[in-house]
Amino acid sequence: MAGYQDYLLHLADNALILGQRNAEWCGHGPVIEEDLALANNALDLIGQARLLYQHVATVRKDGKSSEDLLAFFRDVPDFKNYTLLELPHSTAILPTARGDRDYAVTVARNFLYSALMVQVWAALTASNDAQLAAIASKSLKEAQYHLRHAHDWVLRLGDGTEESRRRMQAAFDYLMPFTQEFWTPSAAESAAVKTGAGVDVNRFRAEWEATVADTLQAATLKLPSSKGFVTTGKHGVHSEHLGFVLAEMQSLARAHPEAVW
Amino acid sequence: MQADAPSNGTALPAGMPRLPDGPLAQSQGADAHHAIWELLESVTDPEIPVVNLREMGILRAVRQGQSGLEVVITPTYSGCPAMSQMADDVEQALARGGVAARVITQLAPAWSTDWMTPEARDKLRAYGIAPPAKSACAASAGSQVIAFAPRRNAGAGVGVSQADSVACPQCGSSNTTEISHFGSTACKALYRCLACMEPFDYFKPY
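Chains as they are written, first to last, in our numbering: chain A, 1 to 261; chain B, 1001 to 1206.
The set of hints was computed from the structure by calculation and includes no laboratory data. Owing to the predicted nature of the structure, the values given are computational and were not obtained by experimental measurement. You can take every hint at face value.
From the structure, some residues in chain B lie toward chain A, with a derived Cβ separation under 8 Å:
(1) Tyr1077
(2) Cys1080
(3) Ala1108
(4) Ala1110
(5) Ser1180
(6) Phe1182
(7) Leu1190
(8) Lys1204
(9) Tyr1206
Distance windows between CB atoms, simulated:
(10) A:Ala213 <-> B:Glu1041: 49 to 55 Å
(11) A:Ala259 <-> B:Ile1179: 38 to 44 Å
(12) A:Thr58 <-> B:Ser1184: 31 to 37 Å
Which stretches of chain A does chain B cover? Using the computed rule of at least three CB atoms under 8 Å from a CB of chain B, they are:
(13) 126-135
(14) 146-156
Glycine is no exception: its CB is placed at the ideal position from the N, C-alpha and C atoms.
So here's chain B without its partners, still in its complex pose (with noise of 0.2 Å):
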């Protein structure tokens, strides 16, 4: 990777941006980093174009490593397909903007929902997917909090979580109904608002 990347801007196509890499960055520190992140803006969700990798909290950290520059992304679920497509994302628009960085995969500490920026949120109502309702933390605290449910008897057993309450990303009802745990992917749930009668994805807490 770092072999063929360009080392100075006569190799770079027309109208990029020059980036610097290698002993440039790592003289120029602060300012090679921005840029990367700057760069990365562009690489969005496959399965959900309208976010990109860092509202998605997917891009962790761009670091000076032993060899080089790092740029570090966490996997989201353990069997997501999108994830090789979002490491070779990242180094394709690496490459495009010139810059020589090796992607490192991390799996600590666990991708959360949580780590979804504000702006992703909005974004992914808009596309009509309904963001996570409440925070992982809560969601798997719980599921262990005995004292809040008290039907413990009528099958919520140890561990077992419960549905969301949810609003549409549609009309913004919160009379929904979920119709199966598993939606169009495995990070998603499907429901069904009762209000417009549109069906829609619900990105569950991770």
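Isolated chain A, as found in the complex (with noise of 0.2 Å):
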């Protein structure tokens, strides 16, 4: 069973840490109305998470597993997010200081993630785990107002200004290898294809790159290669940025564990 609930992990931390990261927008969006879509965005991928969470503790019988024990007390080698999505929003090798995010990243992130999750809840719908089942379609009702949101961000920045075009560019060229590991699959994603419970993401790589392509030939720009070191954060193994992910998200909780207010 613990094959499964690293499934589940997988799809739970992807939502958590991506809605971490869209937070972080919260009070420093471009424009008022992309600060509160970004906020809405979070507050859904981060609902998404709490619903798996609660799943996991559920499926775990154990008697103390929680929401919050999974989101606030493991660490980063227990999270099975796809690296992407813990990167900060810049294309900076090092990125030191807010005023390095590029919104530009935000944008081809969230339109990369949700171009793959609509397909993914959408199947997810038809999963054996009654459960699971129930929280993708309402997760594929979120992804597809994030996909719209995020696609329309590209063709406007891509088909913008000069500069809005060069740092959308930017964006696609940084995060597109990182990509790759949606294809190659991990053991605990090929163990629930198995079950029944969850879904080859491989099926929907065409359909996808469709999506990626039409979409970025619309906002004219170049299509960039995803080649390169295939990244390896659903295995818990992850790049330098998830511990400081997690540090922020974390040290209130761990400061006052269990607090209630």
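With the hints as a guide, bring the two chains together.
Below, the structure is given as structure tokens:
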């Protein structure tokens, strides 16, 4: 059963870590509408993560697991999210300050991830795990709005000014190699596919690639190569960035365990 | 919950209608359920106080469970911060009415704006929020029917839906434009009417 928990944690951690990253724009958005949009996107993702963590806690049946324990008291190697989702909002190799945040990276990442998740959630509505299927049918509706939001900004910025186009292109050039991780299944994914609870992400590769290619073409952007090192976040081997995300996200819960208000 | 709730009329505040609970409710099944539906008419959406939970399609059922009455609600958006408030409000309303019932949150079938009652749509419009312009089924189907999206090469890729045409809740004009996909809450988008120039919230199909 440990394998299946890891599959659920992979889905949950994806949602939580991207939700945490997108929430970093709260109060810092480029315009107030986008500040609100990213906060609402983050709320959806964190909500999806909560439902999935609650489900893991139920599956574990150990009486002590809870959504808070899973979100705030696990360390870097325990997290199974794609490396793509933990990266800072920047194309700089070593982003050092909040001023390095680039909205183009945020938009490109949300586009690449939600274009995949509309397919994944749609397929998971037929999971033989009834609770996962229920979570998937809610998440699908949300992912569709996230995709539309990101897609429209890719068009607007890509086919925008010289500056916005340059930054949108740089964001895709930087992020595209991280998407290779989607297509190399982990042991937990393969096991979940076999039992009928999970889905094989590779089924959606052609459609995902078509969506990305069409959108980039419409946005007057070049489709970058995705070749290079294949990251391993979903196996628990992360970039140097996840530790900083967790430190910020978990410090309050760890300083005051089981605090309520 | 069950132990704390008053089991007879004497513990109820004056003027509060006495509602059956526990064994009494079991014997009076339908009446008790009807009374609970009536009682919960007063529980409104914390974000949109003009509509109640039944009208929003959030209150799904009142039923006899293994250990007494159960009130079933279903969450809207996964991250909606109003959900726990709604569950609390239902519990408080039940407690005020002296009803011992458990509040159950049920995910499936997933909540949809298609479950909003016609009254809810009218009340939203009167409150200044445009109700969903089409059914959520149509909205999600529309994102996959390529035949009606000839501009696919112009960027409407697989699964990408388009903005809805929405009538202004102030002046009724359909000459409106979307300002932002996400408005003051996740469930709403921000629109502007080009006839009366008023901005307004649009409740998105879900």
